[in-house]
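> What follows is each chain in one-letter form.
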Amino acid sequence: MSRRKAPWTSAVAAVLWLAAAPVTATMEEPQEPAPTPEAESAAEEKPRTEREARWYGEVASWVSQPLGLDYVPAAVRDPDDPFATGILGVPHGTDLDLRVRAGYVLPGEFGRVLVTYWSQRARGALEGFDPSRFVFGETLALPFFAGFRDDGLADGFRAASLTKTRDLRIDYTRLAFTGKRIEAWWSVGMRRVSHDRSLQASYFALSPDLPSLVPPVTPPTSPRTDLLPRPDRVDLSSSFEGRGLGVGLDLSVPFGRQVRLEAGASIAALRGRMSSAYESQTHLYRCDGSTCASLGLEILSYPFDELEDPDILDETRQVTMPLGVSSSSLPASATVLDAYIGARWTVWRTVEVFGGFRQSRYQNVGADLRPESVTLSENGVFNFESVSRTDRSAGYEGYYFGVAYRY
Amino acid sequence: MRTVLRASSCALALVGAACDTTQPLQLSEQAVEVVLGAQASVDIYDVYDRLVDTNGDNLPDVRSGQAECRQVFVGASPLTASRTVPWRVSVDIRVVRAGSTEPQTLLTFDPFDPFASVLSYDTTIESAAPAPPTPPIFFSNGRRVSVASRDYLENCAGQLDLPDPNLGGFPLPFEVTLSKGDTIIVQARKQPDNQHGQLPPQFSVRSQPVLTGSIVIEGRTVTLAGTAASTMDSGSGVSFSYTVR
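From first to last, the protein sequence lines are chains B and H. So that you can map any letter, position 365 of the first sequence is 365 in our numbering, and since no number is skipped, the others follow by simple counting. So that you can map any letter, position 205 of the second sequence is 205 in our numbering, and since no number is skipped, the others follow by simple counting.
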């Protein structure tokens, strides 16, 4: 299997080449006389801060909380107020993840090359149980046979989400202007983002008002536990991988010799591919015996009074209706916005500690597919007349703290 | 001084706001009784102990060991009454514990056990009118019972090997301990009448029984979800649940 070189690596090489070009130019300039051994030893005796540090690295803990993921697995109905139905979103707490950055300061005043990487894996969970009160709306399940009563309502649900974001930036940054009170750096670079999101939801009929599912004492048969309502299940997932160009501006305001405030923002436009999938499993009761055939019964419906008849009970089975739709590697575009504000303190020569507040927004990095208009043919085949696609975004915000070192 | 007071007030307010007044959840357990019963219209009999005059003194001397059973009529019609009947049922009781979605089986019936899952006998006893003796036979201890009573079944129908009332081998009412959020699900079905004669007890009913269920917590009958009373159709059942809230 041949492996193609990823286009973004070419772009990174181009950025590095652009950054290195001024260095080449300076080398072509007339060289100063070589320093004497005395001068070299004097330079080595200088404190490191006075020399130009070339390498730069920082590690920060970003205590970020996902926002705006739009995981809505259920709605809750107020039986007494038709206008009070609320939607239930999966809550997310904060996660501590490392954000690492490494850089190289180009000789002279030709700026820096920075590589930044951050990833986060956020799990969320939500559940609600109110046995015998069918107040939870199955917002994700297809309407066909959703809910024990085929009305899309459950008396319990459980949902779990998983969101993974990986963000790699390679930036060339250079001083835009400087003054007594402020210093500004512009940046341009490549950005590569991958984002995966999934939501699984199960909807239960914990306490269904079914007729008795136990057969008569005679003839000896076992309780029809196979007719206890199985939970409806929905699985939503999407995966995005994209890369593109980004620009940014960082401001630094010194307060004395050791402390400075900093703030910045960046934006990146990404182009990539997205895969999405939707799977739904609902259930129905089907009677396919001679008794039902003589009565013209096939698919039973609520309140399932027919199950009172031991013969019909014996001929009934629970059938799963699996339905799904997926899209694979469709072109997609996304936008990334970043902003931060913080402070940085030089605690010792080349060591800094820093902290602040950062927000990131990954726009349109996910998509939910849902069959919209579904028809059922006479031979039991489903057809999707239309499928909706809803773009999803992910936001992260939180405080960060870290340490930086220049060498 | 004023500054100190203000600072102290602010500190107290902050501490007060930080206090969590929510009491910890108490997972109180409750003893729950599941009651199942069947009622049907049955015939009424007057039952007497039979005594025999063995020495000719026109007085009763010894018990004959047999009972005198006389059906009660009102005019030309047999007297009937709606009584608890020891009907056989198939039963399945499950519990879904709080936070769980998998029901646990607490009780299920064994279809091969001829003594399993028999509901309560009729325990109603009324006094019967004294029966005139027909020497050398005398009648005493007259009581009016139904054909669904153990007294009638043993003494009049000769069914000596009667099962005790039970649900799946457990005594009636079935008792279980539940915690807050637990849901108990009860399903039961009457034995169809056409198969009734296969297992004891054997008796006739004027109308098909109605199977009823209830749940009692600390002496209080609670409101159930589902169907707690069956129809009179042969082989019908009940299916109900209750969640401890």
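If you are wondering where the hints come from, they were derived from the structure by calculation, not from laboratory data. This structure is a prediction, so every number in the text was calculated from the model and none was measured. Where hints are given, some of them may not hold.
The calculated EDC-like cross-link candidates involving lysine to aspartate or glutamate, where the alpha carbons are at most 20 Å apart (straight line), are [claimed, not checked]:
| id | chain 1 | residue 1 | chain 2 | residue 2 |
| --- | --- | --- | --- | --- |
| 1 | H | Lys180 | B | Asp130 |
| 2 | B | Lys164 | B | Glu397 |
| 3 | B | Lys180 | B | Glu262 |
| 4 | B | Lys164 | B | Asp196 |
| 5 | H | Lys180 | B | Glu127 |
| 6 | B | Lys164 | B | Asp97 |
> With a cut-off of 20 Å on the C-alpha distance, tell me whether Lys164 (chain B) and Glu397 (chain B) pass.
holds (15 Å)
> Can the restraint linking Lys164 (chain B) and Asp97 (chain B) be considered satisfied, given a maximum Cα separation of 20 Å?
With a Cα-Cα distance of about 12 Å, the restraint between Lys164 (chain B) and Asp97 (chain B) holds, given a limit of 20 Å.
> Do the alpha carbons of Lys180 (chain H) and Glu127 (chain B) lie within 20 Å of each other, as the hint requires?
holds (17 Å)
> Holds or violated: Lys180 (chain B) and Glu262 (chain B), Cα atoms, limit 20 Å.
Distance of about 15 Å is within 20 Å: holds.
> Are the Cα atoms of Lys164 (chain B) and Asp196 (chain B) separated by 20 Å or less?
holds (5 Å)
> Tell me if the straight-line CA distance from Lys180 (chain H) to Asp130 (chain B) falls inside 20 Å.
holds (12 Å)
No hint from the list above goes unmet by this structure.
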